[in-house]
Amino acid sequence: MTELIQRILPTVQKPARYTGGEYNEIRKDPADVRVRVAFCFPDTYEIGMSNVGMRILYGVMNEMDGVWCERVFAPWGDMEKAMRENNLPLWALESHQCVKDFDMVAFTIGYEMAYSNILNMMRLAGIPLHAKDRHDLKGIVFAGGVCAFNPEPLADFIDFFSLGEGEESTVEIVALYDRAKAEGWSKDQFLTEVSKIPGVYVPSFYEHTYNEDGTLAAIIPLNGAPARITKRIVEDLDNAYWPTKMIVPSTEIVHDRANLEVFRGCIRGCRFCQAGFSCRPVRKKSPEVLYRQAVEIMEDSGNNEITLSSLSTSDYRGLKELTDQMIPYCEQHRINLSVPSLRADNFSRELMEKLQTVRKSGLTFAPEAGTQRLRDVINKNLTEEEILTTCANAFAGGWNNVKLYFMLGLPTETDEDVLGIADLAYKVIKTWKEHATNKKRGVRIHVATAYFVPKPHTPFQWEQQITPDEYLRRCRLLKSHFYSKSIEYNYHAPDLSRLEAIFARGDRRLGPVLEEATLHGARLDGWDEYFNYSIWFDAINKCGIDPDFYTTRGYGEEEILPWDIIDVGVSKKFLLRERHRAQEGIITPDCRHGCAGCGANCLLKEVECDA
Amino acid sequence: MPRLLFEKKGNAVWISHLDLMRLFQRAFKRAGLPLTHGQGYNPRPQVSIALPLSVGIESSCELLDFDLDGASVPAEEMKERLNRALVEGVKVLEVYDEGRKIKHLSLLECTVALEYDTGVPAEAVSGLRELFGREEVLMEKKTKSGDIQNQNIVSMIRRMSVSQKDENALELRALICCQNPTLNPMQMAAAIEKYLPDLKPDFAKCARLEIYDNDETIFR
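Protein chains in written order, with the working numbering: chain Y, 1 to 611; chain A, 612 to 831.
Isolated chain Y (complex conformation) (with noise of 0.2 Å):
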């Protein structure tokens, strides 16, 4: 097979992603290895190795005796084109060797425009789709990542789903896995012992009857299954794994550089926010812990650039302490210290100016909504006054770039809201005129709408979708009251969102349509070179699925959700009263400013949730 993959890299676009031999990489002797995992990340090798949750499991179970983890990436068209040429399964980076014949074979997923990959590189491996037709041990699939959270359109393809952070569960499933192969279990006896740890979802353990107008009438557990599966955590973050050997890539990635996690969990409470929600409760990590870890990956990956990275990083508290001590060693050692998602307040404005970053890339704002009243009902704390106070600075201190970031589509949205964006436009532009100490270059205000696509386990989990063609006539009301040059305007198309929303609210009628739009040729769904939403709107006729059902509909509060057996810490009686607050447009205040009661600290034992 190497041979075949020689004669193949010459005629692909960037070789050097399908090859392995990066910096850190592991490899590791056959003979030693007793579970040999192919770690597959549903994307190209670009955005998978800027994955860090890829990075951590990678990391901690490489780190396991007897177990090698090694990665697989979805192939570029070309590489795939060829691969199907010339009858070459789905290999893995580290040891060339086929995807087919590891023990196990995980994903791990972080958007629902993914699951047409998981398909199709389960093909592309030449491993039977569903896991009914998989019946031995070896090879065994599973899953895990934020979409965990609702796997049902997957059910009938993953044998079984870890949720949650994997850190542990992952190290315990791999454990249990090593002491089947070795007293030969079969794979169903596998399956109830490993349903059996915390966090882990058999799918087939689960029956789903319908009532007759399509909504879910029963998700009935068989066996003994449990009645309700909640995620894991990590309660102690300071001596949790961390990857500072990280694998450097010999090639361009699109995070290419160092990245550090600060915390975990949210105190915000943005009510259209997945993560915000799911990845609850705060837990700190401290300062001394993150300065120690920097130090350490900086001097072994030799990057340049280093990320401090949450949900939120201005809110971690030890914020300041660490960037005190991180910028003089980083000046020092002419590292780029970036630090993503900083909120609009005093200290962050002077940070900004301290981090040399900034400079590059201007000011971004993701204000949400285009009204105060709207925000409100969103919980986006993000104030007009916020944003032009920053604006002002910046424009002061020679900044003339602005991104502004919206959703079109929001529950309880009007045309008042969606003009409302040209309005904070607008006002973005007469701060500038005010401020700017250089205006001979002119001011570039960028603003950019996407499709609201409710998710589960928000307080919007219920909420209808707009359709796209009424999506489409508010991006073209905003469009046409944006007049002046220095604004640029885009908006995404409406389809991919479409779909997007019927895969996060899915349920397991969904499988035959993934299937069948992957047969198809349906792949890379998140790149415009690849996107076909003609494949997917045969397909879904095809299985005769009504879309709407799943997007323009909205949820019943009183109905069975797909997801409902899922535990990700927050209770929907919270999830209900948010959804309520919003209609009437009271904003929740953050976490720090007053427990809301959401729940999630419950699935704490040692600490305390750090809010």
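Note that these hints are calculated values from the structure, not bench results. Check the hints yourself; a few may be wrong.
Claimed, not checked - If you want a taste of the chain A side facing chain Y, the calculated C-beta under 7 Å gives, among others: (1) L634; (2) K640; (3) G667; (4) E669.
To be verified - With a straight-line Cα cutoff of 25 Å, these simulated DMTMM-like cross-link-like pairs (lysine to aspartate or glutamate) come out: (5) K14/Y <-> E669/A; (6) K245/Y <-> E669/A; (7) K702/A <-> D300/Y; (8) K816/A <-> D78/Y; (9) K28/Y <-> E691/A; (10) K776/A <-> E3/Y; (11) K816/A <-> E3/Y.
Note that beta-carbon positions come from the ideal geometry of N, C-alpha and C, so glycine has one too.
Using the hints provided, position chain A relative to the given structure of chain Y.
Relative to chain Y, chain A alone:
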């Protein structure tokens, strides 16, 4: 400015020129050997590689110029520290305090392996000798401005031998111009396809062996 000689082999041949520069910048950093940085808006560490190598071609004779920011380190130690920090396939062979001016680099010794999956055709060796013995073998070359120019490739081949490696492979070994003018060795394989389509190999791959000045003295 110090210079190092390195090889690029195995899986590393798939690393592009720009990626290789970044790989070295990081390797120097990992090895605790800080590089001087350029001026400008976003200062980058300065490294420069003499003859950019096409993706897929292996080489034992690559030159990289660099400048350390800070105390000098003995050549042997530098080599060891860098090799610990580099990836498999990229290996520093020698470090020199100072190199010759790149403009004196003019010749490259290389091989082109021609693989025939169903066996080397009987007339191949003589056919290739005849082809590269001609006065003129014109091949199209894209110039920097995007125009297509005809280039006589034999005028840029100083010496060449054709030999049979085994029943499925031939090897061209040639000494060719690599600077002003430059011949891409893969053009020799392309010429076979163009002028002797019956002798087109199933696969061709190229390797750089050594570099020389115009007097055929090894260049460092």
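Are the Cα atoms of K28/Y and E691/A separated by 25 Å or less?
With a Cα-Cα distance of about 24 Å, the restraint between K28/Y and E691/A holds, given a limit of 25 Å.
Taken at face value, is the distance from the CA of D78/Y to the CA of K816/A at most 25 Å?
holds (20 Å)
Does the structure keep K702/A and D300/Y at a Cα separation of 25 Å or less?
holds (18 Å)
Regarding the hint that L634/A lies at the interface with chain Y, is the smallest CB-CB distance below 7 Å?
holds (6 Å)
Going by Cβ atoms only, is E669/A closer than 7 Å to chain Y?
Nearest chain Y Cβ about 11 Å off; hint violated.
For the pair supplied as a hint, K245/Y and E669/A, is the alpha-carbon distance within the 25 Å limit?
violated (28 Å)
Status of the K640/A interface restraint (C-beta, 7 Å, chain Y)
holds (4 Å)
Supplied contact hint for G667/A, tested at 7 Å Cβ to chain Y
Holds. Min distance 5 Å.
Agreement of K776/A and E3/Y with the hint, judged by alpha carbon distance not exceeding 25 Å
holds (18 Å)
For a C-alpha distance cap of 25 Å, please report whether K816/A and E3/Y respect it.
holds (12 Å)
Tell me if the straight-line CA distance from K14/Y to E669/A falls inside 25 Å.
holds (16 Å)
Going through the hint list in order, the structure does not satisfy hints 4 and 6.
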